[in-house]
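Residue numbers (the working numbering), protein chains in the order written: chain Z, 11 to 582; chain W, 544 to 720.
Don't take each hint at face value.
[As the list claims (entries may be wrong)] BS3-like mimics (lysine-lysine), calculated; alpha carbons at most 27 angstroms apart, straight line: (1) K440(Z) / K658(W); (2) K701(W) / K471(Z); (3) K640(W) / K474(Z); (4) K520(Z) / K505(Z); (5) K450(Z) / K670(W); (6) K16(Z) / K42(Z); (7) K407(Z) / K463(Z); (8) K481(Z) / K471(Z); (9) K670(W) / K440(Z); (10) K561(W) / K450(Z); (11) K440(Z) / K640(W); (12) K254(Z) / K200(Z); (13) K489(Z) / K701(W); (14) K505(Z) / K519(Z); (15) K61(Z) / K701(W); (16) K463(Z) / K708(W); (17) K640(W) / K563(W); (18) K451(Z) / K670(W).
[Unchecked claim] A few chain W positions that, by computed beta-carbon distances, are all more than 12 angstroms from chain Z: (19) G548; (20) E595; (21) P661; (22) I676; (23) N678; (24) Q679; (25) C683; (26) V713.
Calculated directly from the structure, the hints in this document are not laboratory data. Where a beta carbon is used, it is the ideal one built from N, C-alpha and C, also for glycine.
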Amino acid sequence: MRTLYKFHGGVHPPEHKEESNRLPIAPAPLPKRLTVPLRQHIGSPAIPVVKVGEQVLKGQMIGAADGFISAAVHAPTSGTVSAIEPHAVPHPSGLPDLCITIEADGEERWIERAPLDYRNADPDAVRLRLRDAGVVGLGGAVFPSYVKLNPGAPARIKTLVLNGAECEPWITSDDRLMRERAAEVVEGIKIMAHLMHPEQVLIGIEDNKPEAAAAMQAACQGTGYEVVVVPTLYPSGGEKQLIKLLTGKEVPAGQRPVNIGVTCSNTGTAYTVHRAVNHGEPVISRIVTVTGNVPKPRNFETLIGTPIAEIVQLAGGARPDTVHYIMGGPMMGFGLNNLNAPLTKAVNCVIAASPALFPPAPPPMPCIRCGRCAQACPCELQPQELFWFSHSQNFDKARAYNLFDCIECGACSYVCPSHIPLVSYYRFAKSEIATRDMEKKLAEQAKERFELKQQRIEREKQEKAARFAEKAAAAAAAKAAAAASGVEDPEAAAKKAAIQAAVERAKAKKAEAAAKAEGTGTPADEIPQGDSDPLRAKARAESYAPQGDSDPLRAKARAESYAPSTENNTDS
Amino acid sequence: MVFLGIVLGSVLGYASIKFKVEGNPLVEKVEATLPQTQCGQCGYAGCRPYAEAVAAGKAEPNQCVPGGDNVAKNLADLLGVEFKPVGDDQGSGPKPKQIAFIDESTCVGCTACIKVCPVDCIIGASKLMHTVIANQCTGCELCVPACPVDCIAMLPVKENIANWKWHYPVFEIKKAA
């Protein structure tokens with residue numbers, strides 16, 4: 011028996027798991043229209059690779075991963091792309107985001123699905139497969155798995171932790187998945203272990219899911235993976251908390267588990283890894299718990315993109331006294347403000363909330379500094395201090411008190427006798443600090459660009475001045491040289507003579523033409539100008555005035571100034 | 544006593560040469576507070592000249608228009624003077640962030656805006672249309688008057704999921720029954 015460690019604090023809210031974990035996972039029917047958001051993961055949103063009106067097959071990539079931290083999205087069924095435009099998405103802001111809408115044709119025609127023999131394949135090829143299959147962490151953070159499953163050379167992974175704790179009340183999707191598809195979850199763990207080469211694999215499951223633990227235990231026979239049953243205490247499913255429980259190691263402030271040689275993944279993610287690698291199926295569906303104020307709470311295997319309103323209908327529809335819907339669990343989830351929003355990879359649970367099940371919070375009272383939040387905080391922070399600094403917008407202090415180590419689990423708000431929604435303040439402070447950091451970074455970049463531009467202008471100015479100075483010096487030197495030698499450069503002299511001759515000829519021509527005009531009675535200014543007169547053209551060509559210098563003196567001066575350079579050319 | 548005075552005096556003299564601070568450290572601090580928009584709305588040729596003027600006491604700390612009252616307040620704190628709001632009548636927070644947008648169908652490719660952009664974030668070439676690198680634009684508005692065909696507009700940055708922030712929690716206070 012493994013020694014279990016303890017994490018600090020934690021709370022034990024009513025579990026409410028019984029409602030939805032009795033019935034097996036039911037497949038959800040195919041909806042008529044599916045709306046697939048391009049941003050379903052942390053990092054850059056996927057780039058659409060289909061056009062409106064295009065026919066797509068089930069599992070076809072419709073959004074490609076963009077950049078290092080990104081993942082692909084796929085058509086959940088076969089049909090026609092009817093729109094690529096902003097649509098309501100499940101997000102606390104309630105703002106729309108770019109989505110691809112597909113009208114299902116009902117035929118469910120799959121793309122060609124090819125399994126990948128991961129044991130004999132290049133690990134990078136396996137990771138690419140995961141990226142292009144849109145595999146992301148299904149525990150809630152939706153971090154692209156292919157990035158996480160890349161141990162890198164220096165940071166070797168000693169322990170792979172599989173998170174089956176599912177500590178949030180009401181949610182039972184991982185529970186049912188582990189009970190019914192334990193063998194497939196273990197196949198996925200094998201792929202993860204193959205990519206990471208950990209010394210040990212630990213699967214943490216809370217003791218309120220004995221059936222899931224037993225099923226996983228049976229499936230792990232002969233693999234060396236260890237199923238560890240942990241006591242039910244929220245938030246044991248927090249990544250850092252579960253690592254502490256299982257290994258006794260604490261992730262240092264501001265660092266990630268990989269820094270202490272541990273990687274933690276959700277069991278649901280392991281299942282999708284298995285489907286992607288061994289079956290060639292991208293992530294186009296997930297198991298979602300529909301519970302709360304519905305007559306038939308249950309887990310449904312639902313296609314990504316199904317409107318949440320339809321998912322609620324599957325459980326018999328919300329009872330009339332339902333006032334709002336929660337996406338995720340009651341501790342960390344958020345209120346959905348539009349039921350037209352589609353199911354995404356991040357949605358593990360939809361709760362219909364009635365005043366009876368979720369009584370409205372009493373009005374917040376002043377903080378009495380009782381310290382109960384500090385006792386409950388699983389990150390060993392000082393929530394009352396963080397509240398104080400966030401409330402007064404003293405962001406530097408909030409950061410100094412490790413605000414960014416807060417996992418927003420809500421344990422502090424849960425125990426607060428003054429009913430202060432502490433997490434709301436932390437979220438506000440976190441996003442405000444993040445924005446300011448971003449602005450600061452942009453300001454620094456702007457400054458750098460500004461300075462570079464100034465330098466460039468200065469440099470160009472100097473170069474120009476230097477060029478002029480050089481030219482002037484060269485001209486002066488040539489003149490001086492000519493004056494000193496006393497004789498003119500023969501070539502220049504010849505040219506000069508030619509120009510002089512041309513000028514003379516031109517003058518003669520002009521006089522002749524004038525005389526002629528007088529004779530014929532044509533006004534002088536009507537004499538055809540330009541090269542139409544062959545003689546004139548010849549004179550012009552001879553007079554070295556290709557730039558069209560009409561003033562002979564200027565042409566002469568020019569010829570003089572060019573003389574030194576021709577001399578240089580002949581020398582070299 | 545005289546000897547001690549000479550010794551200590553020479554130590555101080557040596558230290559002042561050895562540990563001489565180049566430039567005015569206050570300028571750096573003031574500059575770090577400024578938004579680096581390089582817009583010149585303060586009356587100086589950029590953020591650095593303004594920072595130098597503020598540090599030297601030649602300029603008021605409330606002249607930074609894009610920074611708004613936030614920056615004015617931080618500068619007043621830094622300099623230990625009384626805070627005055629930006630401008631005479633507006634005196635509000637910073638302007639909503641705007642970025643330049645070039646209407647590419649109207650652009651004649653004259654490069655006038657490229658020359659005035661302080662942060663080199665307009666790209667294009669002579670007789671070819673220009674475009675703004677949106678995430679590097681500081682919103683200084685210097686390119687707007689430079690355009691001979693009026694094809695540059697300042698567009699406010701809309702709120703979207705990527706730049707959305709959690710709001711400060713506000714609670715409705717109800718009358719006790």
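Structure-based check of each hint:
Under the criterion of a C-alpha separation no larger than 27 angstroms, the hint pairing K440(Z) with K658(W) is inconsistent with the structure, at around 39 angstroms. In summary, the hint linking K701(W) to K471(Z) is not supported, as the alpha carbons are separated by about 40 angstroms, beyond the 27 angstroms threshold. For the hint pairing K640(W) with K474(Z), the CA-to-CA distance comes to about 38 angstroms; that exceeds 27 angstroms, so the pair is violated. For the proposed pair K520(Z) and K505(Z), the alpha carbon gap of about 22 angstroms is at most 27 angstroms, so the pair holds.
Using a Cα cut-off of 27 angstroms, the hinted pair K450(Z) and K670(W) is violated, with the two alpha carbons roughly 35 angstroms apart. For the given pair, K16(Z) sits about 48 angstroms from K42(Z) by alpha-carbon distance, which is inconsistent with the 27 angstroms threshold. Distance hint between K407(Z) and K463(Z) is unfulfilled; the C-alpha atoms sit about 37 angstroms from each other, more than 27 angstroms. For the given pair, K481(Z) sits about 16 angstroms from K471(Z) by alpha-carbon distance, which is consistent with the 27 angstroms threshold.
The straight-line distance between the Cα atoms of K670(W) and K440(Z) is roughly 46 angstroms, outside the 27 angstroms bound, and the hint therefore fails. At roughly 33 angstroms between alpha-carbon atoms, K561(W) and K450(Z) are farther apart than 27 angstroms, so this suggested pair is violated. Restraint check: the Cα-Cα separation between K440(Z) and K640(W) comes to about 20 angstroms, which is no more than 27 angstroms; the hinted pair holds. Between K254(Z) and K200(Z) the CA atoms are separated by roughly 23 angstroms; this keeps the pair inside 27 angstroms, and the hint holds.
A hinted pair counts as satisfied when its Cα atoms are at most 27 angstroms apart, and K489(Z) with K701(W) does not qualify at roughly 66 angstroms. Straight-line distance between C-alpha atoms of K505(Z) and K519(Z) comes to about 21 angstroms, which keeps the hinted pair within the 27 angstroms bound. Only pairs whose Cα atoms come within 27 angstroms are accepted, and K61(Z) paired with K701(W) is accepted, the gap being roughly 26 angstroms. Only pairs whose Cα atoms come within 27 angstroms are accepted, and K463(Z) paired with K708(W) is rejected, the gap being roughly 33 angstroms.
For the proposed pair K640(W) and K563(W), the alpha carbon gap of about 41 angstroms is over 27 angstroms, so the pair is violated. For the proposed pair K451(Z) and K670(W), the alpha carbon gap of about 34 angstroms is over 27 angstroms, so the pair is violated. Distance to chain Z confirms G548(W) as a non-interface residue, since its nearest Cβ pair spans about 44 angstroms, more than 12 angstroms. For E595(W), the shortest C-beta to C-beta distance to chain Z comes to about 14 angstroms, beyond the 12 angstroms cut-off, and the non-interface label holds.
The claim that P661(W) lies off the interface is violated: its Cβ sits roughly 5 angstroms from the closest Cβ of chain Z, which falls inside the 12 angstroms cut-off. The Cβ of I676(W) does not lie farther than 12 angstroms from every Cβ of chain Z; its closest approach is about 10 angstroms, which violates its non-interface assignment. With a cut of 12 angstroms on Cβ distances, N678(W) falls inside the contact zone with chain Z, its closest approach being about 8 angstroms. Not every CB of chain Z is more than 12 angstroms from the CB of Q679(W) (nearest about 7 angstroms), against its label as outside the interface.
Against chain Z, the non-interface label of C683(W) is violated: not every CB pair exceeds 12 angstroms, the least being about 9 angstroms. Separation of V713(W) from chain Z is inadequate, the least Cβ-Cβ distance of about 10 angstroms not exceeding the 12 angstroms criterion.
Hints 1, 2, 3, 5, 6, 7, 9, 10, 13, 16, 17, 18, 21, 22, 23, 24, 25 and 26 from the earlier list are contradicted by this structure; the remaining hints agree with it.
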